[in-house]
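Protein chains: 2
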Amino acid sequence: VGSLVGVLLAATSGVALAPAAPARQSISELLAGASPADWRPLDPNNTLYLELASGRVVIELAPQFAPLHVANIRTLAAAHYFDGLAIVRVQDNYVVQWADPDGRRPVPPTVTKVAAEFDSAIPAHLPFTPLPDGDVYAPRVGFSDGFPVALDTRHDRMWLLHCYGMVGVGRDDDAESSGTELYAVIGHAPRHLDRNVALVGRVVSGIEHLSSLPRGSDAMGFYAKSETPVPIRALELAADVPTAQRSDLEVLRTDSKLFEDVIEARRNRPEEWFRTKAGRIDVCNVPIPVRAHPSAPTAPTP
Amino acid sequence: VGSLVGVLLAATSGVALAPAAPARQSISELLAGASPADWRPLDPNNTLYLELASGRVVIELAPQFAPLHVANIRTLAAAHYFDGLAIVRVQDNYVVQWADPDGRRPVPPTVTKVAAEFDSAIPAHLPFTPLPDGDVYAPRVGFSDGFPVALDTRHDRMWLLHCYGMVGVGRDDDAESSGTELYAVIGHAPRHLDRNVALVGRVVSGIEHLSSLPRGSDAMGFYAKSETPVPIRALELAADVPTAQRSDLEVLRTDSKLFEDVIEARRNRPEEWFRTKAGRIDVCNVPIPVRAHPSAPTAPTP
Numbered sequence: 098v099g100s101l102v103g104v105l106l107a108a109t110s111g112v113a114l115a116p117a118a119p120a121r122q123s124i125s126e127l128l129a130g131a132s133p134a135d136w137r138p139l140d141p142n143n144t145l146y147l148e149l150a151s152g153r154v155v156i157e158l159a160p161q162f163a164p165l166h167v168a169n170i171r172t173l174a175a176a177h178y179f180d181g182l183a184i185v186r187v188q189d190n191y192v193v194q195w196a197d198p199d200g201r202r203p204v205p206p207t208v209t210k211v212a213a214e215f216d217s218a219i220p221a222h223l224p225f226t227p228l229p230d231g232d233v234y235a236p237r238v239g240f241s242d243g244f245p246v247a248l249d250t251r252h253d254r255m256w257l258l259h260c261y262g263m264v265g266v267g268r269d270d271d272a273e274s275s276g277t278e279l280y281a282v283i284g285h286a287p288r289h290l291d292r293n294v295a296l297v298g299r300v301v302s303g304i305e306h307l308s309s310l311p312r313g314s315d316a317m318g319f320y321a322k323s324e325t326p327v328p329i330r331a332l333e334l335a336a337d338v339p340t341a342q343r344s345d346l347e348v349l350r351t352d353s354k355l356f357e358d359v360i361e362a363r364r365n366r367p368e369e370w371f372r373t374k375a376g377r378i379d380v381c382n383v384p385i386p387v388r389a390h391p392s393a394p395t396a397p398t399p
Numbered sequence: 098v099g100s101l102v103g104v105l106l107a108a109t110s111g112v113a114l115a116p117a118a119p120a121r122q123s124i125s126e127l128l129a130g131a132s133p134a135d136w137r138p139l140d141p142n143n144t145l146y147l148e149l150a151s152g153r154v155v156i157e158l159a160p161q162f163a164p165l166h167v168a169n170i171r172t173l174a175a176a177h178y179f180d181g182l183a184i185v186r187v188q189d190n191y192v193v194q195w196a197d198p199d200g201r202r203p204v205p206p207t208v209t210k211v212a213a214e215f216d217s218a219i220p221a222h223l224p225f226t227p228l229p230d231g232d233v234y235a236p237r238v239g240f241s242d243g244f245p246v247a248l249d250t251r252h253d254r255m256w257l258l259h260c261y262g263m264v265g266v267g268r269d270d271d272a273e274s275s276g277t278e279l280y281a282v283i284g285h286a287p288r289h290l291d292r293n294v295a296l297v298g299r300v301v302s303g304i305e306h307l308s309s310l311p312r313g314s315d316a317m318g319f320y321a322k323s324e325t326p327v328p329i330r331a332l333e334l335a336a337d338v339p340t341a342q343r344s345d346l347e348v349l350r351t352d353s354k355l356f357e358d359v360i361e362a363r364r365n366r367p368e369e370w371f372r373t374k375a376g377r378i379d380v381c382n383v384p385i386p387v388r389a390h391p392s393a394p395t396a397p398t399p
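Protein chains in written order, with the working numbering: chain A, 98 to 399; chain B, 98 to 399.
In isolation and in its complexed conformation, chain A is listed as follows:
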């Protein structure tokens, strides 16, 4: 039985290359040749573990883009606010959302609605790897510290993008929100949400525990009364979890030369299976590689 995407081959591209030029490599080949400095470990103070019966979802937080909401989420996690609450909404090709289904859980007094963090001014020294392929929605897109981001230099604004796996803060009609309701994108990038919600992070591992959940049958994918919301065992900051219980993950540095090579290997796939090279790539189609730290023991099942 053939597969949709063929076995990865060490094929050179069809374009004639100067003798000194390296053969084009697939992403797995590129990553196999990475040096340790190409990777950065997740910071336990910027990492959330969403624990479900099926396994752990690891979320890297982005305080550099939404400091007020990330501070609230850290407080909520430390207070075990989400533990025992539930996934309340699974809308196909859109989002999974978790919150207090009954609205009875007391919120820590220091967690209040904070100002909208839909976008922000561009700092003087923003790490930024531009993607020159263009974008339907934003004047300029690329990557900063492991996150997909748009820049509007004319108006001095930057914002995170609603790509697959991004995590945001649900809100009602007020622009302000607190962080007691969170969602992850599980479908085609809903970029119309950009600059309409505070994005606070990205799922770096375990998204399948969210994306394969049964869809809710009420409007907008909310679970109906007859359906059982999926319980949340815990939502914790990695720093609050014993070291031996942590997921020791590393993310490819998006300011590395290797990451640019990864992008090119996706833009023009070197594998023999591909008959037409795309030549371009959508920012939300760029994978941001994640791996277990090479010396890490197999992470225990939580």
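Source of the hints: derived by calculation from the structure; they are not laboratory data.
Worth double-checking, as some hints may not be accurate.
[As the list claims (entries may be wrong)] Here are the simulated DSBU-like cross-link-like pairs (lysine-lysine), alpha carbons at most 35 Å apart as the crow flies:
1. A:K374 <-> A:K354
2. B:K354 <-> A:K354
3. A:K322 <-> B:K210
4. A:K354 <-> A:K210
5. B:K374 <-> B:K354
6. B:K210 <-> A:K374
7. A:K210 <-> B:K374
8. A:K210 <-> B:K210
9. B:K210 <-> B:K322
Using the hints, position chain B against chain A.
For chain B alone, kept in the frame of chain A given last:
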């Protein structure tokens, strides 16, 4: 508990409108005002039912784009080739694929590998609703007969796009394929597959029966030996199913004025919840509305 997307409101946009201009409506409001002529019924000879234990997946075929493969698929369906076979691959944020896991099912003798149908010449009278918003991958995109499509008029080529829900033909390293292995897109549009496989249709109903399946743990999301492939009860052409058992669905005509209004209502969401209007829309973010025929009885559970 607030929701990510607010209740649909009959709000006008924030832009001052000339008195005669109609207030902008949300998509559900627009569709509520549709006339019967805005909708077209699915042609039973162009409609597949993929029957799973959890329910029916309805696929509209696109013989105008891949006539050879669609002919093969019709033959396979008539021979009940897929009945009792299985979903063999579920790769997160990518595809669900079904085929013969053991490779033992006899293939009807008239079904052989046919020429690649990755793209085709543009016919003289192609129904085409252009999307002027631009595209990262193709010179021109839009909609034809209910399908997302790209045009390259300079080279006289057109091709279907790998948007969410599109159905294609798995192949090995040969460009030719037969149609005994099919897949549906369940993630962010993998547009790098455009012009690398024959797309043959689109899921118009029931995609959640595919997208919520457990992900396979082998490479590329294939189910491992220890995992149970999801059985296919039947894959049939609607024309071969008794009328009372059919799903009586209608698709919004993509050459209608109403469809252009739907696109605009997604490009600049009129709902009060939205603080930033996107102003643009990605072709794979345009919904192609589907409804049960108003006079249809509730479709029986197959």
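Between A:K374 and A:K354, does the CA-CA distance stay at or below 35 Å? holds, 22 Å
With a cut-off of 35 Å on the C-alpha distance, tell me whether B:K210 and A:K374 pass. Within the cut-off at roughly 23 Å; holds.
Taking 35 Å as the top limit, are the C-alpha atoms of A:K210 and B:K374 close enough? Holds: A:K210 and B:K374 sit about 23 Å apart, inside 35 Å.
35 Å Cα cutoff - pair A:K354, A:K210: violated, 40 Å
Given the proposed pairing of B:K354 with A:K354, does the C-alpha separation stay at or below 35 Å? Cα-Cα ~48 Å, so violated.
Within 35 Å, alpha carbon to alpha carbon, are B:K210 and B:K322? holds, 28 Å
Distance restraint between A:K322 and B:K210, which requires alpha-carbon spacing of 35 Å or less: Violated - the C-alpha atoms of B:K210 and A:K322 are around 49 Å apart, more than 35 Å.
Run the distance test for B:K374 versus B:K354: straight-line Cα separation, threshold 35 Å. holds, 22 Å
Just to be careful, I want the Cα atoms of A:K210 and B:K210 compared with a cutoff of 35 Å; is the pair within it? Distance of about 60 Å is beyond 35 Å: violated.
The structure fails to meet hints 2, 3, 4 and 8 from the earlier list, while all remaining hints are met.
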